[in-house]
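Chains as they are written, first to last, in my numbering: chain W, 1 to 111; chain H, 1001 to 1115.
FYI, nobody ran anything at the bench for these hints, they're computed from the structure.
A portion of the hints provided could be inaccurate.
As the list claims (entries may be wrong) - Here are the computed lysine-lysine pairs in the DSSO-like style, where the Cα-Cα straight-line distance is at most 27 Å:
no., chain 1, residue 1, chain 2, residue 2
1, W, K45, H, K1055
2, W, K98, H, K1055
3, H, K1003, W, K2
4, W, K45, H, K1057
5, H, K1057, W, K42
6, H, K1071, W, K79
7, W, K79, H, K1103
8, H, K1071, W, K98
9, W, K45, H, K1003
10, W, K110, H, K1057
11, H, K1018, H, K1055
12, W, K42, H, K1003
13, W, K2, H, K1057
14, H, K1103, W, K45
15, W, K45, H, K1018
Unchecked claim - Pulled a few chain H residues facing chain W out of the computed Cβ check, cut under 8 Å:
no., residue
16, Y1010
17, L1043
18, L1045
19, G1058
20, P1061
21, L1090
22, K1103
23, L1104
Stated by the list, open to error - Listing some non-contacts, in silico: residues in chain W with all C-beta distances to chain H over 12 Å:
no., residue
24, V13
25, S26
26, S28
27, S68
28, Q103
From the three backbone atoms N, C-alpha and C, an ideal C-beta is built for every residue, glycine too.
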Amino acid sequence: RKEVEQDPGPFNVPEGATVAFNCTYSNSASQSFFWYRQDCRKEPKLLMSVYSSGNEDGRFTAQLNRASQYISLLIRDSKLSDSATYLCVVNLSSNTGKLIFGQGTTLQVKP
Amino acid sequence: DVKVTQSSRYLVKRTGEKVFLECVQDMDHENMFWYRQDPGLGLRLIYFSYDVKMKEKGDIPEGYSVSREKKERFSLILESASTNQTSMYLCASSPQGYRPNEKLFFGSGTQLSVL
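Isolated chain H (complex conformation):
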């Protein structure tokens, strides 16, 4: 069974802190994604990656960066956390294929609170 593991289930940080959210998948998937989920807004794509060291901006990349040094690991970085980045963060992965994003496997999410 595919496993996507996010390092923390709950995280509390202060405004201005640098925050790292880690995601690891164990199925050798090429594609990895970071979403945030907010009430009334649904899931919104922050960044995604199709390969090691490759990244592309999603719909809301401002205030975030990512790192993919190894195939299994995709990190989301908040350079200077702000209160409007309080949210549920979901990592996902999928295999490369004709339709690479048909089935996403999600991690269990990290609820980040920025105070």
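Excised from the complex, chain W in its bound form:
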């Protein structure tokens, strides 16, 4: 079983739609969680960290469910510019320095 699993998609949605991605992780000792965004042929960039209480940044909401070992990303009012691959990232320990990346979920927002 992969340490971090994501549905690769692609998710094809119309502009203005709400879309949600889930990501599961296998190690219950995982301590920090993030969503990165990667545009086609570009490097990944941090989108947002995921906190236990859930957090929101504009149209983006991230949530963590430790009991079920998954994190989610909700995008409201999708824009064409949201088209990208979204990478779920887990840090097992703040001391190890090892970030584990999921393979990514591809989102295509259509006009």
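Put chain H on the given structure of chain W with help from the hints.
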């Protein structure tokens, strides 16, 4: 703005060649990392470094070595390139802190093809 620069965007090498991938960051970051990214597999950590002359193996170090002689520079070395090392290589850096790897700054990547 943080800048992580990788020396080449595209590289074509032959099987058996020694290959050097260079990465330089300009923000005085302590931590530096080398990942490779392959379709369906995501990013996998090859090696990382927390300080000058310090290195630690990641998840897939076989066939690779690294060098960190200066804080700003982290080199990935393929001693004898093989076709299964054809991949996108991404360098990243982050500052030292309570959670040293929370935010990685990536270079734009080197697409290496080994023929």
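Discussion item. So, against the hints stated earlier in the document, which numbers end up violated here?
Written reply: Hints 3, 6, 10, 15, 16, 20, 28 contradicted; others consistent.
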